[in-house]
Amino acid sequence: MRKTRSKTLAAVACAGVLALASACGTSSGGSDGGTKADADQGGFTAPDVPMQESIGDPEGQVNILAWPGYAEDGSTDKSIDWVTPFEKESGCQANVKYFDTSDQAVQLMKTGEYDVVSASGDATLRLIAGGDVAPVNTDLLTNYADIAPFLKDQKFNSVDGQMYGVPHGWGANLLMYNKDVVKPAPTSWGAVFDDASTYAGKVTAYDSPIYIADAALYLMATQPDLGIEDPYALDQDQLAAAVDLLKAQKGNVSEYWSNYLKEVAAFKSGDSVIGTTWQVIASTIGDSVAAVLPEEGSTGWSDTWMISSEAKNPNCGYLWMDYITSPEAQAQVAEYFGEAPANTKACDLTTDTSFCDTYHAEDSDFASQIHYWTTPISQCLDGRTDTECTDYGDWTTAWTEIKG
Amino acid sequence: MAQTKTLSRGLRGTLGAFTAVVLVFIYVPLLLVLLNSFNTDNTFGWPPPGLTLHWWKVAWESQGARDALWTSVKVACAATVVALLLGTLAAMALRRTRFFGRNVVSLLIILPIALPGIVTGLAFQNEFSTILGIGLSLWTVIIAHATFCIVTVFNNVQARFQRLGTSFEQASMDLGAGRWTTYRLVTFPMLRSALLAGALLSFGLSFDEIVVTTFTASPHDQTLPLWILNNLFRPNQAPVVNVVAAVLVVLSAVPIYLAQRLSGSQAEAINIP
Amino acid sequence: MLDRRPGLRVGLLLTPPMLWLGVAYLGALAALLVTSLWTQDDFTGNIERIWTLDNFRQLFTVDVYRTITLRTIGIAALVTVVDAVLAFPIALYMAKVASPRTQRLLVIAVLTPLWASYLVKAYAWRGMLSADGPIAWIANPFGLDTPGYGLPAVIITLSYLWLPYMILPVYAGLERVPDSLLEASSDLGGGSWTTIRRVVLPMAFPALVAGSIFTFSLSLGDYITVQIVGGTSQLLGNVVYDNQGAANNLPFAAAVATVPIVVMVVYLALARRVGALEDL
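Protein chains in written order, with full-length UniProt numbering: chain A, 1 to 404; chain B, 1 to 273; chain C, 1 to 280.
Just so you know, these hints were derived from the structure itself, not from any lab. Hints are not guaranteed to be accurate.
Said to hold, decoys possible - Label-pair ranges, simulated between beta-carbon atoms:
#1 C:Ala-30 to A:Val-49: 35 to 43 Å
#2 C:Leu-70 to A:Gln-162: 50 to 58 Å
#3 A:Lys-88 to C:Arg-57: 56 to 64 Å
#4 C:Pro-141 to A:Ala-290: 28 to 36 Å
#5 A:Lys-250 to C:Asp-179: 54 to 62 Å
#6 C:Phe-205 to B:Thr-14: 17 to 25 Å
#7 C:Gly-74 to A:Gly-112: 44 to 52 Å
#8 A:Glu-113 to B:Met-173: 53 to 61 Å
#9 B:Tyr-27 to A:Gly-74: 33 to 41 Å
#10 C:Phe-56 to B:Val-104: 25 to 33 Å
#11 B:Gly-135 to C:Arg-66: 36 to 44 Å
#12 A:Gln-223 to C:Asp-145: 34 to 42 Å
#13 B:Trp-60 to A:Lys-88: 21 to 29 Å
#14 B:Val-250 to A:Thr-198: 41 to 49 Å
Model, not experiment: these values are computed from the prediction. Note that beta-carbon positions come from the ideal geometry of N, C-alpha and C, so glycine has one too.
One chain only, chain A, in its complex shape (with noise of 0.2 Å):
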């Protein structure tokens, strides 16, 4: 399953700990993502977890825990297979699990029967906090030094500079249009929000709560007098308004997408013209469409592989993490599953040559202008003590009323 919208839903557990972390906070030095949810994660104190010094003798086996699409074995095609170069380069046997929420993956991650995960934004310090997950002594991971420089060192993988991960991929959520029907080329989320009457009944939107930070993000850049900081922290007269601004959008909607087939029929077939998207879609459907980042910046995913604290291979897990982030394997990973590879040594081994400029995987600046998905809980994410902010379950009842 791509990132469906599960995935991206069930982000509420992570509240307490975020809410922990910014209670206490106090502010945190800038990093080069900073338009990333602005919770002060400065001062939050993981438990105390050791850190492996060394790479050992292999296990033997190790146990994953993925998302699907990122350890792929062959099972669901012969030919897509990265798993098993790593059991022979290795003498690991990769037993891998896929999950289908980030709460399902800490949930599974506190048994303590899996040794490394692909967690999201969203769970990654729920798992730091909670002691799951041991520091990554990325010294010993030969490809780290080739991980894009602006993924490292970030909140959502890191505490008080000591990694807790690799990068494994990211991706944002962009504009796409049919180049023959919208014209001139939209550059701002105003063609699907003040202008989308334009293509009324061809306008499509990401069917999931967490697209009201879509909405949050485009009423930021317009409307400043309702102060929006962080489209993941909205009091309730921010989330109202993002509510009304959704709620005339509706009338011009033609569906709702969550999954990747919809939304490529959809456009192939014309029933929508114009809408949220990711990469991969847009270059599944060709030439017809063309998939933007508008002006305001975007909504978008980051994920990282993690080890257990109570990891039973850990050797084999270093090795695996090493492997997944190995520009071999980050290349294949990436175009199978449609993301921005962390390691940009893979764009010189995809198959598309042109696959990383696609994903800027590079693009500094570009990746400079995602809000990476965060669940929204009471504590304002943006620093706010004096309000409160609204929480996902909020935000689920508010996306309830806006389909009506």
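Since chain A is already given, all that's left is putting chains B and C on it; use the hints.
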């Protein structure tokens, strides 16, 4: 049974024509599925830009599809065995007796299938995970499936009892056979085809169930419908799903045909819950 | 001894199924109800066992939930009517007109689609209804168009998916109507239509109600078809699913799930009155 002459020729013709139209309505989408399994366009563009056997080859080689098929067969078999046991017991209990709770019992048996799957699924998930604190597994799926499958066996067996009465068994007992001998030599053979019909329906019901399964399966148990759901969201996998569906349709004719052959009455063989 | 103590016999036979259904299933439903009276800590996302009616208060006071409930019941009713209208003639043909051989083939023809995956069939309808799909392709030359994605598409797709569940009980019910009864009606001067209206329909009514339990209940809980062909619309099932799977708010999802339970219990009670449960 069929071919009543009391309906006018015109009416019979109209009914026949109507039946033909409905059959077209039923089969056109299935033909589209079959056609799309050859479609070169992996998101089923219409009309198909070209035809290919590629997806059939991929499906044939897909270990995931085979594993999921096997999981589904295991779940459906286990659920059917439980349903056979419990459904027969319940039908036998209600056979000759009219007691106060009779209606309550039959309502209880119908309830799991009459309530929407999302309610049943959510209820079981809540019971297993939140209340009992046991993890989800293939067993939780089997328990949930068996619950809504009981009704298929119950209905078929009950209908058979109603049709046959009790005279054979009484004769057997009168001739000196014991209870168990009577059951083994008279009752069971009488029920055999009804049990088979019930079992087939139960198997089919469990085999294509997705909603209850979604809620009660653990992340690593993948039944065929869940595999299909996952693969519809993977790039380039949707046509493979069409191949699997097309194969299933063709294969399904076999058990249905068998059920018909082995059952005395046409209608009873398909006594859907 | 068992013969002299029928009560004991019934009790022994009933114990295993009643334990299973009564404990495992009713227990699960009861637990669901209990959970709906708890609350979720929005700080940690954990369920807190504090008794509250807040979930139900929200369910009844926020307008959108009432709208969705009514829409869902309406859709389920429409799907049921469409299926009944389609199923009755075909079931009548199967039971009273077709030769035994044709009858056998028709039963197979009706049952076979049940085995094609639900999801695959729903996506097939998505393809059929697309602006660029076969329906538009055929209809456009006549100045017509596909209904597109939305509630009409949901009704069409659900009717399609559940049609066999209506045809089969009605067919079984009609088969039980003795031919002699039809002949009697005809001998008494009743024309075909009169016979159908005055004799066949009343006798088939319980079977129609029995079939409707499935079409109605299956539609009532559906959330997948709506996502595939429903455009921007949502039904009760989506609210349950969104709150459980996505927002992880099990207590509220449980509260929403009590709505279809109440609706179905009322429906079953009504069905029992017309004797349809015997026909299930």
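Hint check results:
| no. | hint | result |
| --- | --- | --- |
| 1 | C:Ala-30 to A:Val-49: 35 to 43 Å | 42 Å, holds |
| 2 | C:Leu-70 to A:Gln-162: 50 to 58 Å | 55 Å, holds |
| 3 | A:Lys-88 to C:Arg-57: 56 to 64 Å | 60 Å, holds |
| 4 | C:Pro-141 to A:Ala-290: 28 to 36 Å | 32 Å, holds |
| 5 | A:Lys-250 to C:Asp-179: 54 to 62 Å | 56 Å, holds |
| 6 | C:Phe-205 to B:Thr-14: 17 to 25 Å | 21 Å, holds |
| 7 | C:Gly-74 to A:Gly-112: 44 to 52 Å | 49 Å, holds |
| 8 | A:Glu-113 to B:Met-173: 53 to 61 Å | 57 Å, holds |
| 9 | B:Tyr-27 to A:Gly-74: 33 to 41 Å | 35 Å, holds |
| 10 | C:Phe-56 to B:Val-104: 25 to 33 Å | 27 Å, holds |
| 11 | B:Gly-135 to C:Arg-66: 36 to 44 Å | 37 Å, holds |
| 12 | A:Gln-223 to C:Asp-145: 34 to 42 Å | 38 Å, holds |
| 13 | B:Trp-60 to A:Lys-88: 21 to 29 Å | 25 Å, holds |
| 14 | B:Val-250 to A:Thr-198: 41 to 49 Å | 48 Å, holds |
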